[in-house]
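S.K.: Sequence:
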Amino acid sequence: MSNREQALDITQETFLRLWQNLQEEEILNIRAFLFTVARHLIIDWYRKKKSISLESLLMNDEEEIKYAILDEKTSNDLSFGAEGRYLIEKINELTPIDKEAVYLRFVEDLSPIEIGEILGISANAAGARVNRGLIELRKKTKYGNKENNKD
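Sequential numbering from 1 applies to the sequence shown in the working numbering.
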């Protein structure tokens, strides 16, 4: 099974669970619900892949996460030139929770409240994770460094 097929299976299961839950109870924030379910399904999928070592999982992380998280619309909207690939490489160097917080904030355009609901943390903690991720990204890319701004 390809990564794309796995991503489609996870997407289908996510919406199936939304449909089932909508029949049983009212969901106040559908967007947060979808992200939370998808996140848990992705985590479960990785846990079931017992044949993959931690090292190989880390080596394949960028490609598998991209297919599992980025939907077709988002990946079509983003232009991955040399700078984009460099930025993705640096984002993937962040801690997993900071990487996820930055992704949810800037790619999915979610609020800190929604990010907190998805990650199971407070809105303040979500905002702090995003800020921490941005600070680390600036360090890794040396963006804003006075030496890089000299002509």
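If you are wondering where the hints come from, they were derived from the structure by calculation, not from laboratory data.
Please note that a few of the clues may not be correct.
Said to hold, decoys possible - Below, a list of computed lysine-lysine pairs in the DSS-like style, where the Cα atoms sit at most 27 Å apart:
| id | residue 1 | residue 2 |
| --- | --- | --- |
| 1 | Lys-139 | Lys-90 |
| 2 | Lys-140 | Lys-99 |
| 3 | Lys-90 | Lys-140 |
| 4 | Lys-142 | Lys-99 |
| 5 | Lys-139 | Lys-99 |
| 6 | Lys-142 | Lys-90 |
S.K.: Now, for every hint given, state plainly whether the structure supports it.
M.R.: Hint-by-hint comparison with the structure:
1. The hinted pair formed by Lys-139 and Lys-90 meets the criterion: a straight-line CA distance of about 10 Å does not exceed 27 Å.
2. Distance hint between Lys-140 and Lys-99 is fulfilled; the C-alpha atoms sit about 13 Å from each other, no more than 27 Å.
3. The hinted pair formed by Lys-90 and Lys-140 meets the criterion: a straight-line CA distance of about 6 Å does not exceed 27 Å.
4. With a C-alpha separation of about 18 Å, the suggested pairing of Lys-142 with Lys-99 holds against the 27 Å cut-off.
5. About 14 Å separates the Cα atoms of Lys-139 and Lys-99, which keeps this hinted pair within 27 Å; it holds.
6. Restraint check: the Cα-Cα separation between Lys-142 and Lys-90 comes to about 11 Å, which is no more than 27 Å; the hinted pair holds.
Of the numbered hints given earlier, the model fails none.
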